[in-house]
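Order-wise, the sequence lines are chains R and G. Take the first sequence: its position 67, counted from the start at 1, is 67 in the numbering used here, and no numbers get skipped. Take the second sequence: its position 441, counted from the start at 1, is 1441 in the numbering used here, and no numbers get skipped.
Derived by calculation from the structure, the hints in this document are not laboratory data. Everything numeric in this text was worked out from a predicted model, so none of it was measured. Each residue gets a CB set at the ideal place from its N, CA and C atoms; glycine is no exception. Keep in mind that the hints are not guaranteed to be accurate.
Now the stretches of chain R that chain G is said to cover, found in silico as 3 or more residues with beta-carbon under 8 Å [said to hold, decoys possible]:
no., stretch
1, 34-42
2, 48-59
3, 65-73
4, 89-95
Keeping only pairs whose Cα atoms sit at most 35 Å apart, straight-line, the calculated DSBU-like set for lysine-lysine is [stated by the list, open to error]:
no., chain 1, residue 1, chain 2, residue 2
5, R, 56, G, 1347
6, R, 13, R, 48
7, G, 1186, G, 1126
8, R, 56, G, 1138
9, R, 13, G, 1078
10, R, 48, G, 1347
11, R, 56, R, 13
12, G, 1347, R, 13
13, R, 13, G, 1138
14, R, 56, G, 1142
15, G, 1126, R, 13
16, R, 56, G, 1126
17, R, 13, G, 1364
From chain G, some residues computed to sit far from chain R (all C-beta separations above 10 Å) [what the hints assert, rightly or not]:
no., residue
18, 1046
19, 1079
20, 1089
21, 1114
22, 1365
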Amino acid sequence: MILAEIATLIRSKNAGPFTLTFDIMFSDLASYCRVLESNALSRELFAKLYGCPVEKVLFFECANALAFKFSIPRPLTQGELGDGDMHGGQQFVPLMTIEIP
Amino acid sequence: MNSHLAHDGKAARMAKGRLQQISFVSPTGSVGGGISSAALDEAMSHSPHFIACDAGTTDAGPFSLGMGMPAFPREAVKRDLALMLLAGRKAKIPVIVGSAGTAGGDVHVDWVLEIAREIVAEHGLKLHTAVIYAEQDKSYLKTLLHENRILPLDPAPPLTDSIIDGSSRIVGMMGVEPIQAAIRDKADFVLAGRCSDPALFAAIPIMQGFPPALAWHAGKVSECGTLVCETLGKGVIFTTVSYDEITIRPYGGNLRCTPQSVAAHSLYESADPYLHRECSGTLDLTNTRFEAIDDVTVSIRGTEFTPELYTVKLEGAELVGYQSIIVGGIRDPYIIRQLDNWLASVKSYIQDSVTRVLGDKADKASYSLVFHKYGINAVMGSFETDAANLPHEVGIVLEATAPTQDMARKLAELSRQPLLHYPIEEWVGSITAFACLHNPAVIDRGPVFRFNLHHAAVPASATEMFRTHLIDLDGLRTS
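Please build the complete structure, drawing on both the sequences and the hints.
In structure tokens, the structure reads:
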């Protein structure tokens, strides 16, 4: 099953003008635990999907919120010439198809 | 604070002894975003001690800070501000607004102050007002820079005297201290420039002796209004801080706070869901516990706060240039399959035309031509994983950026013909390759700005970077 079929929300957003953050959220503990225990989500996978250095990827497991979070520096500062997503809201799509065994 | 609130009716019990708890209303995520009047009335009937709301963000982009303009319509800000000020005066409690006019520069603060004057006049209010300016003097910042008292955040662009001098506007993000000083000066209305959103809510509880960790966390979860609820809707947030607990709930139609929704709110627009740096230290949610009290109310306990070196985050914007754009599309599969090469040839042709027509005025380094390819990778840029999967149609936005609007317009005008007619090998004869959306094809966008600072200043005191003016707004006097 892919991540988008298990998560209730996968989203991206600016965390200030210099950082992008990605949230993967669930509605129930079982779904959160299923993804957690699959070990499918990792800094290494994220770095590969987004072509960025693994040491720049932050990864958080947030059991309270039934959520996972990744954060990375923006490839272009918000609003810089060439930036096509002022709010960073449409950068999450490669996460949708992560295969969860 | 005590004497002031004691004069003001409802909070008289504050003066009689230690308050057991303190409550506040967060009426909307941003002044101008829309306040539900019915929900505000309902929340006000539960005797809050103050109302607070931010009016700004960097999320809209650097234009507001650079240009000195707000991102919300004046009418929307006036409506929300009037509801807050009227509710505040009726209950005789302070109203605190921060990050005025989107970017919180001096011009933004004055814009909101002018709106407040109108409201006061129209409703016959009297408001002892503290206006706190957050824009930063450039020579002061250069002195801090030379004293190594400006620290880079991660990732930070380079910072030099000339970058400070070249900024259109630089603001400092204030903490609780300037607001607390305003409350001590008996302000009914605190109108602040750029300010930490949680600080607007934490200032009074910390003054009253409540634990900073709970005061800051209460601000953090309340500052986006009903975004902390399970679903979005029209309502206001009512938050209570005691010595060992925060409770948070919405008032308004069918909204609820749940342990998950409140915990999840800590993720929103934050790089780190657990650690949140404020001027005076770091709010730490690592050991926070969220529990349901009833169907709509959540209790928060266990949050910690670690005092650290006092820093004030800086935000700056500088003019990049002026921009003109052309919008259109391409449907020809022969062009789409070689789009990058074709656009590179078009760009090179445009650059030659620019040199020929504008001569020395226009060396390549002085201007920029950017093609956004909608349908291929305009949205995700270098992150796109699916760019090889070609669509049947591609939308193109050409952004021409130059030191003057006149030159940007000429660049865009010189781009139209090559976009229309630049040949490909597959077709013999003259082609028209680009479907222009408009006539004239060129749209002037005006000035374009960039964020040029991601730094924190280390001031000598918590208040030295901010200037407070006390003003009596009196709507009963002819103004």
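Residues of the stretch 34-42 of chain R with Cβ under 8 Å from chain G, three needed, outcome
violated (count 0)
Given the hint that residue 56(R) pairs with residue 13(R), test it: the Cα-Cα distance must not exceed 35 Å.
Distance ~17 Å between residue 56(R) and residue 13(R) Cα, so the pair holds.
For the pair supplied as a hint, residue 1186(G) and residue 1126(G), confirm whether the alpha-carbon distance does not exceed 35 Å.
This hinted pair holds, its Cα atoms lying about 13 Å apart.
Under 8 Å between beta-carbons, do enough residues of the stretch 89-95 of chain R, three at least, approach chain G for the coverage claim to hold?
Held - the stretch 89-95 of chain R has 4 residues with a Cβ nearer than 8 Å to chain G, which meets the minimum of three.
Pair hint outcome, residue 48(R) versus residue 1347(G) [Cα-Cα no greater than 35 Å]
holds (32 Å)
Can you confirm whether the C-alpha distance between residue 1126(G) and residue 13(R) stays at or below 35 Å?
violated (41 Å)
How does the stretch 48-59 of chain R fare against chain G when you require at least three residues with a CB closer than 8 Å, holds or violated?
Holds, because 4 residues of the stretch 48-59 of chain R bring their Cβ atoms closer than 8 Å to Cβ atoms of chain G.
Measure nothing beyond the straight line between the CA atoms of residue 1347(G) and residue 13(R); if it is 35 Å or shorter, mark the hint as holding.
holds (32 Å)
Status of residue 1114(G), Cβ more than 10 Å from any chain R Cβ
Label holds. Min Cβ-Cβ 27 Å, cutoff 10 Å.
Taking 35 Å as the top limit, are the C-alpha atoms of residue 56(R) and residue 1126(G) close enough?
Violated, at roughly 53 Å.
Decide if the proposed pair is consistent with the structure: residue 56(R) and residue 1347(G), CA atoms, cutoff 35 Å inclusive.
holds (34 Å)
Would the pair residue 56(R) and residue 1142(G) pass a check requiring their Cα atoms to be no farther apart than 35 Å?
This hinted pair holds, its Cα atoms lying about 30 Å apart.
In summary, the structure is inconsistent with hints 1, 15, 16 from the numbered list given earlier, while agreeing with the others.
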